[in-house]
Amino acid sequence: MNIGYALAIAGDGDRWGHMGNDGWTGWMWLWGTLMTLFWVAVIGTAVWLVVRAATQRRAEPPPERERAREILAERYARGEISTEEYDERLAKLR
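Quick note on numbering: UniProt numbering labels position 15 of the sequence shown as 15, and the sequence is numbered without any gaps.
Bear in mind the hints are in silico, worked out from the structure with no lab data behind them.
Worth double-checking, as some hints may not be accurate.
What the hints assert, rightly or not - Simulated restraints on C-beta separations: (1) I81 to F38: 53 to 63 Å; (2) L93 to V51: 26 to 36 Å; (3) R78 to A54: 38 to 48 Å; (4) R75 to V42: 45 to 55 Å; (5) R94 to V47: 45 to 55 Å; (6) W39 to T83: 51 to 61 Å.
Ideal placement from N, C-alpha and C gives every residue a C-beta, glycine not left out.
Please construct the entire structure, taking both the sequences and the accompanying hints into account.
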């Protein structure tokens, strides 16, 4: 054993520090666990919100667009617009 190390240990009368057990008493374990659970909940909620927002966008087109496509198809079926005009307008609705 190193003599300097032995003297340092022998001179350390209050071995656990001035707060007892280096500040990690029974309550600190509780707060550490609660803080971990808190951050897991915050990060989990953030991930859930991002996934939910990303999947909702792809679900289905808004009703207005679907109605516009129906009107466009009806006009094309009645012969009010040409095939080129139908294709052009349909592309804009996508």
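Results of checking the hints against the structure:
{"no.": "1", "hint": "I81 to F38: 53 to 63 Å", "in the structure": "59 Å, holds"}
{"no.": "2", "hint": "L93 to V51: 26 to 36 Å", "in the structure": "28 Å, holds"}
{"no.": "3", "hint": "R78 to A54: 38 to 48 Å", "in the structure": "39 Å, holds"}
{"no.": "4", "hint": "R75 to V42: 45 to 55 Å", "in the structure": "52 Å, holds"}
{"no.": "5", "hint": "R94 to V47: 45 to 55 Å", "in the structure": "30 Å, violated"}
{"no.": "6", "hint": "W39 to T83: 51 to 61 Å", "in the structure": "59 Å, holds"}
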